[in-house]
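The sequence shown begins at 1 in the working numbering and counts up one residue at a time.
Read the hints as simulated data drawn from the structure, not as lab findings.
A virtual CB, placed ideally from N, CA and C, is assigned to each residue, including glycine.
Some clues are possibly wrong.
To be verified - EDC-like cross-link-like pairs, simulated, lysine to aspartate or glutamate; straight-line CA separation at most 16 Å:
1. LYS108 - GLU182
2. LYS174 - ASP203
3. LYS108 - GLU155
4. LYS315 - GLU177
5. LYS223 - ASP203
6. LYS174 - ASP278
7. LYS313 - GLU182
8. LYS313 - GLU228
9. LYS174 - GLU227
10. LYS313 - GLU230
11. LYS317 - ASP203
12. LYS315 - ASP176
13. LYS174 - GLU159
14. LYS317 - GLU228
15. LYS108 - GLU159
As the list claims (entries may be wrong) - Here are the computed distance ranges between Cβ atoms for each label pair:
16. THR314 - ALA169: 47 to 55 Å
17. ASP176 - ASP114: 19 to 27 Å
18. GLY201 - ARG89: 35 to 43 Å
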Amino acid sequence: NAMANRMLEDLIVLARGGCTPHPVRPHLASTPVLPEVNTGASGKAAPPAAPYGRAVANSESVFKDVSEAEAATTALWLQDTYAFSNSARVVRVSCVPTDESQKENSRKWEVVLDATIFHPQGGGQPSDQGQLAADGREWRVLAVRASKSGVVSHEIEHEGAAPPFAAGAILTCKVDEGFRCEAARLHSGGHLLDVAMQACGCDIKPTKGYHFSPGAYVEYAGKLGAEEREALVPQLQAHVEALIAQNLPTSVQTLPARQLSQLCPSMAANFSSPSDADKPIRVVTLAGLAGPCGGTHVRHTGEIGRLVIDGIKTKGKATRVSYHT
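Please put together the full structure from these sequences, using the hints given.
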């Protein structure tokens with residue numbers, strides 16, 4: 001259907017319905033532990049065509065229109081959460097139009113590289129922070145975006161009418177380690193909440209995830225009464241603390257859509273078209289629960305360190321669990 005086709009084209013999905021994680025079947029339990037590298041025939045690491053995550057909380061699209069002729073950027077952030085730098089070739093650098101209120105000599109530039117370690121905003125997770133560097137100079141990365149065709153752009157600020165470097169130049173990407181690790185803890189923490197919710201007997205589907213700090217939350221499709229919400233907070237807290245203490249491993253695998261029903265049956269209906277059967281999907285399994293996801297995650301639950309349930313609210317037919325790490 002139309003939604004499935006759109007989702008399959010997105011590198012970082014803005015899905016309108018997340019996938020409810022399901023227990024991993026015993027014969028699928030031995031999935032590779034992070035990092036996992038997906039390679040093509042050339043042997044060069046290549047990004048999965050369609051990593052998925054729960055619905056994004058904010059409505060603003062993170063995609064930017066770019067030429068369809070450009071090749072997809074090699075998504076190095078998918079391979080290893082704890083890799084913070086890479087060398088890359090500039091594919092394109094172009095000036096971003098600015099409004100008249102800004103200084104004439106202060107310009108923003110969009111930089112497209114052949115490969116990047118920077119996670120673009122999407123899937124409920126903010127873009128990485130850091131710098132691009134070359135020849136002893138550094139440019140702060142203001143934002144990172146991914147197009148529907150998988151081209152990742154980095155927005156930097158550079159004064160002057162001419163670009164700071166040309167296509168073909170070799171740059172170094174430097175991701176802020178502290179910010180990346182906090183984002184991974186928050187994102188994995190959101191998945192851990194799904195595990196804890198099921199352990200508490202709350203069989204409601206996660207639909208939105210906002211893994212930003214402050215204000216992180218996971219939203220579920222279902223209404224809980226006031227007394228039930230009050231009783232649930234300490235139960236959830238106890239479960240997440242136990243899961244963190246167990247230091248359970250995270251694994252990731254990329255599999256064709258036709259096999260998705262083995263790990264996530266509720267998502268299979270979105271890929272019923274024969275043309276979708278071999279589309280690769282990235283699936284993250286955390287604490288025994290699997291779900292399509294394109295974000296960065298911790299290697300073991302113990303790396304989350306601490307997760308505090310801030311509260312549970314119900315609005316309309318949705319229940320929101322707020323937390324921080």
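Hints versus structure:
1. As the CA atoms of LYS108 and GLU182 are separated by approximately 27 Å, the hinted pair breaks the 16 Å bound.
2. Among the hinted pairs, LYS174 with ASP203 is inconsistent with the structure: their alpha-carbon atoms are about 41 Å apart, more than 16 Å.
3. Restraint check: the Cα-Cα separation between LYS108 and GLU155 comes to about 7 Å, which is no more than 16 Å; the hinted pair holds.
4. Between LYS315 and GLU177 the CA atoms are separated by roughly 36 Å; this puts the pair beyond 16 Å, and the hint is violated.
5. Annotation: proposed proximity of LYS223 to ASP203 holds, straight-line Cα distance about 11 Å (limit 16 Å).
6. Between the alpha carbons of LYS174 and ASP278 the distance comes to roughly 34 Å, so the proposed pair goes past 16 Å and is violated.
7. Using a Cα cut-off of 16 Å, the hinted pair LYS313 and GLU182 is violated, with the two alpha carbons roughly 24 Å apart.
8. Note on LYS313 and GLU228: the hinted pairing holds, with a Cα-Cα distance of about 11 Å set against a maximum of 16 Å.
9. Taking the CA atoms of LYS174 and GLU227, the gap is near 48 Å; set against the 16 Å cutoff, the hint is violated.
10. About 10 Å separates the Cα atoms of LYS313 and GLU230, which keeps this hinted pair within 16 Å; it holds.
11. For the given pair, LYS317 sits about 14 Å from ASP203 by alpha-carbon distance, which is consistent with the 16 Å threshold.
12. Taken as a hint, the LYS315 and ASP176 pair is broken in the structure, with Cα atoms around 36 Å apart against an allowance of 16 Å.
13. Among the hinted pairs, LYS174 with GLU159 is inconsistent with the structure: their alpha-carbon atoms are about 21 Å apart, more than 16 Å.
14. For the proposed pair LYS317 and GLU228, the alpha carbon gap of about 15 Å is at most 16 Å, so the pair holds.
15. Distance check on the hinted pair: LYS108 and GLU159 sit about 8 Å apart at the alpha-carbon level, within 16 Å; holds.
16. The hinted window of 47 to 55 Å between THR314 and ALA169 holds, with their beta carbons roughly 53 Å apart.
17. ASP176 and ASP114 have their C-beta atoms about 22 Å apart, which keeps the hinted 19 to 27 Å range intact.
18. The hinted range of 35 to 43 Å is not satisfied by GLY201 and ARG89, whose Cβ atoms lie roughly 52 Å apart.
Violated hints for the displayed structure, listed by number in ascending order: 1, 2, 4, 6, 7, 9, 12, 13 and 18.
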